[in-house]
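The chain contents come next:
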Amino acid sequence: MTRILIVEDNEMNRDMLSRRLKRKGFEVEVAVDGQQGVDMATASMPDIVLMDMSLPIKDGWAATKELRRNEATASLKIIALTAHAMDGDRQKAMKAGCDDYDTKPIDLKRLLGKIEAFL
Amino acid sequence: MNLSKRIALTSSIILVFYFFTVMVFLWSTKVSREIVNELQSVIRSQYLVYDISQQLKELNTRLKVLEAVASAQDKKELDENEQGDLLKSIVSIGDDLNILRVTAGSELSSQISGIELTDELLKQWTALINHAEETGQPVQIYSLAAFGYEFDNTETELTRNGFALRGLSSELNTEIEEAETQINRVSLLVFCVSALIALLLIYFLIRYTTKSLAQLRLGTREWSKGNLAHRIWVGGKGDLAQLAESFNAMAEELDATMEQAHEERQRANEANQAKSGFLANMSHELRTPMNAIIGYSEMLLEDIEDGEELDPEDVQADLGKIHSAGKHLLGLINEVLDLAKVESGKMGVYNESADLKKLVTDVTTTVQPMVINYENTLDTIFEFDDSEIFTDVTKFRQVLMNLLSNAAKFTRKGKITVKARRFIEEETDFVAISVADTGIGMTPEQLDKVFDEFTQADDSTTREFGGTGLGLAICKKFAELMNGRIDVESTPGEGTCFTFVVPAIAENTEDDDAQEEATGDNNVVQIEGLAKVLVIDDDETSRQLSKRILSKRGYSVITADGGAAGIELACEQTPDIIVLDILMPGMDGWQVLEKLREIPETADIPIIMQSMLSERELGLSLGADDYLTKPVDKSDLPNAVRKLLPELKLDEGVLIIEQGTTLLDLLNQAQGEEPFETSQTADLEDAEKWMADRRFGIILVGKHSEMDAVSKFMGNVRRSEDYGDIPMILLNSIELESMDADQLLSFIRIHQDPEEDQNQD
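Protein sequence lines correspond, in order, to chains U and S.
Quick note on our numbering: the first sequence kicks off at 1 and runs consecutively.
Quick note on our numbering: the second sequence kicks off at 1001 and runs consecutively.
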């Protein structure tokens, strides 16, 4: 079963997204801040990481960079999932090492398409 | 020294030296001419002395010949011819002698020896010959011979002069040479000195000019390179120094302007960045709750589409989340709008009287549940005697609410202390409300940004404590708008204290009253017969404001300062509209409303309630016709009044009877969304014909010269079975010129009902 790690600090959004992904048949894990995200990703090596960018303790950009630096997690598939949707935000996420980028509010079909593309 | 002075000085010095040179030339010419003259007279004298001595010698020879001839012929006397010849020669010599005296001048003459001797000799000879002629006795030749010795003497003397004079002339020649040498020397000296000084002066002049110009050139080059801090240095106080100074001043100004431009550009850039940042933040903040709303609603939709059995509790939880995200979004939008309003200068300040104690207590009561929720305690301390303040109550309340809810949110099991006091600073009476908590506190870095938009002490705070990050930014802006401020002190882990300071008695801003004052009272166009409005409000300021706003639109306004007085006035005057405040001492607005609706005379009068309380629903349900929440906008009240005037019945067409087109023009201006037909004539027969042809909604009668005929016509219409029910309004005594279209419509609305019209008559 495909395992997805959601790194998201907003409780509502975390709950909503994890429930919707579970319904689609994914195994979902959640982390509530960047540091926890890095730790969980390292520990459980999920197939896909959905990374919010504005996160407490360690933001999504820093967390992604850290995962990329670490050999074990360097090849993780990370999709930036953020409400930062201005010009340049995509580049910023890609530069930090994300494999793809999607904006909130989430278009589930589009997001699933991006997830499928990596599987 | 300035340049022109330098040039003038140099030129004058050169001129002075030129003058000296000329003087030296003149002097030398004079000196040499004197010497040459002397030399000339010496030479001429020499020549004359020689000549005289020759003549003397010749005369003597002749005398000797005469003597010899006489002795040979034994002749003892001179004949007359010989005598005449002798005399002629003597006279000639005497003449020469005189010429010599003149030529040599007295000084030289004295140096020439023999002149006196010659003179003497000639005199003797002349005397001898003259004696002979006088006596008629011829001259004895022997007597002539007696002069031989004296002649020799004389000649010797004269001959000696030749040497002396030659010596003198050679002396003079030497003198001339010496003088020339001297003159040459002096001239050369003068020339050299003047040339040297002129050269020096010109050198300095050129050096000064060149140096100054070089400095100027250097300066302008530096400036053109952009080095505006460069300053030109030119010594002295001359023209060029002044020029340099003006250049420097120019550079300084240019520098300042550039600096300013630079700063402005930077500010603009910063503002631009702030704007972009704000926009990015906005986008982020709006998208986050939107994500929850869309996500959950899609989930619910999917559930319904899938025909799944829905657990009401689950659905309720999800709908709750959608609702809360939506509320959050709305709060955000409202706050953003508030901010935008403040920033665009459209946020007005509406000051009114309020009770400070009551105001603070209201807010603390409101936040009490939140305080209790986090197990906090709240203390309120009042340190003032006079509780009355005049301020923008809505903003005051909003700021206080925000500070208090922040304190409650960021404190757990702690204590919140609200302290309100008044103090005088620089002759202004201030109110200071401090809200101190024992919460998480802030670091200096967090404090720096606490009033920035979309910043919370930490991103995690949003998660834990909620909020949009705009509240304090708005509070600060409100405080500034109210001529006050918000200060903050905080220690991480110990707590935070915000202090909100505003003038206790706000000065009315241009926004509200001042402007009304300026244009209001003076321009009030009271139109007799336009709707009469009764304002019932206990607050003087608020009452006067309503009165001014309405009077300005031409309504006649009567006021009452309390409920009972209001009811009395309403029964007495039966106004067309009543504006009623709710919070009043004694009988409050609700009671007045109830009473007014009970009394038959006032039961049908439209009532507009206005209050700080947002109780629109309640007001309307209790029988109010409209409800305005204070602060009301300038146009809100008149608009509400206009809406409540009887409806216009213009759609069936308007018949206008008037001379001229005043009414027609006004009505055409008033044509709005629902256009109406207008027929206008001054001819009463035409009017009658038209009325027979079609039905009009209303008849307006304006200015007409034959009022008797018009009155008769109106009487006929009133009595007519066919048209008696058509509203008819006589406007000829109304100052139509001073009315605008809105006012005319209001007037028509008030008077179109024939019954009411009769009542008023």
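Simulated from the structure, these hints should not be mistaken for lab results.
For every residue, glycine included, the Cβ atom is placed at its ideal position computed from N, Cα and C.
Hints may be right or wrong, so weigh each one.
[What the hints assert, rightly or not] Listing some non-contacts, in silico: residues in chain U with all C-beta distances to chain S over 12 Å: (1) D15; (2) M16; (3) E27; (4) D39; (5) T42; (6) D47; (7) S54; (8) R69; (9) T73; (10) D99; (11) G113; (12) E116; (13) A117.
[Stated by the list, open to error] Keeping only pairs whose Cα atoms sit at most 30 Å apart, straight-line, the calculated DSSO-like set for lysine-lysine is: (14) S:K1358 with S:K1346; (15) S:K1275 with U:K65; (16) U:K95 with S:K1449; (17) S:K1413 with U:K58; (18) S:K1358 with U:K22; (19) U:K109 with S:K1413; (20) U:K95 with S:K1275; (21) U:K58 with S:K1449.
>> Which constraints among the numbered hints does this structure fail? Numbers only, ascending.
In response: The structure breaks hints 1, 2, 7, 18 and 19; every other hint is satisfied.
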